[in-house]
Amino acid sequence: MTDLGLDRRAEVTPAPPMRFMTRVAAGILAAPVILRLATVLLLCACLTVATPNFLTEMNILNVLRQTALLFLVASGLTLVLIGGGIDLSVGANLGLSACVSALVLQATGSLALTLAAGIAIGTLVGFANGLLVAVMRIPPFIATYGMLWVLLGITYRVMAGESVHGFPASFRFLGSGHLFGVPVPVYLMFLFLGVGGLFLSRTRWGQEVYAMGANPEAARLSGIPIRSRQILTYTLSGAMAGLAALVLLARVNSAEGDIGEAMTLPAITAVLIGGTSLFGGLGTVSGTFVGALILTLVINGMNLLSVHSNWQPFVAGAIVILAVLVDRLTSQRQS
Amino acid sequence: MRLIITATMATLALASVARADGERIAVFTKNQTNPFFQVVRLGADNAARQMGATVTHYIPTRPDSIPEQISQIEDVTVRRPNAVVFTPVDFKALTPAIRRLNEAGIPAVNMTDRAERGNFVAFVGAADYDLALTTARYLFQKMGGQGNVVALEGIKGTLVSTERMRGFTDALKEFPNIKVVATQAASFQRLAALQVMENLIQAHPRIEGIFAANDAMATGAIEALEAAKRQSLVVGINGTKEAIDAIKAGKMLASGDYSAFLHGCFGMMAAIRNLRGLPVPREIVFPARVVDNTNYQSLDIAPDQMTCPAWDSVVTPGRS
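Protein chains in written order, with the numbering used here: chain Y, 5 to 339; chain S, 3 to 322.
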């Protein structure tokens, strides 16, 4: 018990500036994306050997399109995790954004209003999460878990147990359209892969998010406005959930109350497989892309091989454990 | 004097009406997300209105949450409605909660999903097995008795999914030239079904038929087929509004009618009739009916515009 107390005090004591800077640098550079890319290549090689249908243009586009939706949610979540937080409400936020957008589209037929509604709700919910965590000082796990239920409640009320379906082709283009033979969500994925990567590695804000996640106390003492950066990460995560909601809606052509529920865990999983630490300070958006790709490939492969569906959750779970295990081993080596 | 007698008689008449009237019924459904249960609730409300009873709905805020439904049952045991119309979120897990209800002497009707154990006035619902058997058989007939078929399962381990897959498998035995090229789970969800079908389309160049264990998965599969410019005969189960629209538009072959509205109507009627001492059979199971482009009209109405049919027009005395 005494040891624990001493440890906690030691954590609060600011680390020497040099050590702090190295940790930040390590956070940016060390995520072993290469290792994960190798995993992807190995997976692809196995699948190519195992099934003649894997390495076809159409299947590759398929996998990328399926990855895109997961990535859009997971990319925003990556910022939150790097900043030392967690957002359990992303799926519910996505669900509410999708349902309200669907109702707006049904009522007005206006594309602009629908897009605005989706993004606005996602962003607002993210901002509210940020306020709860940064200003009200509620632990992120609890704040966003509470928000999850608040959002589900609103969503069920808004939908009243009904479903909204059948959207115009102009809107559906966002989720199921193609440009030069490539699905539209795939463009969005690569756009935000670039934007997210640049934000984290090239902007001051991005660096500050790493610093905050690595050691909030040290970051605060070195003059980083922690609260505003926390609010920023949650807001951006919310905005991405709103965007993903629109893509999902345009893809499945239907909204009902539980539309977002299946998204939270896969998104968190993709972020973790991608090498982002649950404890903050470490991670990249490109890692998350690879994480989302691995998850999608595994399911795709099992579908192509007609693997009995009982095995799919087993394999997905095993991969999460393996990914975190690899993470522990590599990070131990670094320290 | 005469006046007094009339007044007394009127009071008595009113009192007796009030006694037979205004039963308080608690209705338990599984979630607020599946449109199916919304229609069930509308059916229950409609029947209660017709018979002059009042309804309180109990729905877990977290879809299909076992602990939440258990505590709702506990609350209801304290509040003591006249009767309960009950859909368990889980086949087995609610057994102790139902025992409490029985011990409290509150009569209960089991609706839609069967509970494993417990004393019920009646079971009101559809037979998942028959529904799947009939719908799959219809699909195989329309395929001309041959070709490749894909099955999309619901949530593994649920009674509904298991029974529907059992019906599918048994229908398959009647058609030796139908080949199942894949059976994959899509958890009753649209997006999961869409992505699973996108993947399966890659692996199987010829898929003549798709059997989905519910309509949400069927419509998800249809999206995947359309995007890939492929054609298959698709059937689902539940007879949801969305499936009816797809059948009308010629995108979907058929759906097994799960008779959501009737579940609510007859669940409620059975509870009230029992309280009023009228006969109620132990089992009210609606016949399996396939809805296709020849007979969808009866379901092509907004659920809040539907009216419960009369008891005697559906339930005949002596029918099990």
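No lab work stands behind these hints, which were simulated from the structure alone. There may be inaccurate statements among the hints.
Said to hold, decoys possible - Here are the simulated distance ranges between beta carbons: (1) Y:W153 - S:A312: 39 to 47 Å; (2) S:T309 - Y:A164: 16 to 24 Å; (3) S:R81 - Y:A111: 32 to 40 Å.
Claimed, not checked - Pairs of lysine to aspartate or glutamate, DMTMM-like flavour, derived with a Cα cap of 25 Å: (4) S:K243 - S:E118; (5) S:K231 - Y:E166; (6) S:K181 - S:D294; (7) S:K243 - Y:E166; (8) S:K250 - Y:E166; (9) S:K175 - S:E165.
Each residue gets a CB set at the ideal place from its N, CA and C atoms; glycine is no exception.
For each hint, the structure was consulted:
no.	hint	in the structure
1	Y:W153 - S:A312: 39 to 47 Å	holds (42 Å)
2	S:T309 - Y:A164: 16 to 24 Å	holds (20 Å)
3	S:R81 - Y:A111: 32 to 40 Å	holds (38 Å)
4	S:K243 - S:E118	violated (30 Å)
5	S:K231 - Y:E166	violated (29 Å)
6	S:K181 - S:D294	holds (23 Å)
7	S:K243 - Y:E166	holds (10 Å)
8	S:K250 - Y:E166	holds (19 Å)
9	S:K175 - S:E165	holds (16 Å)
Comparing the model with each earlier hint shows violations of hints 4, 5; every other hint is respected.
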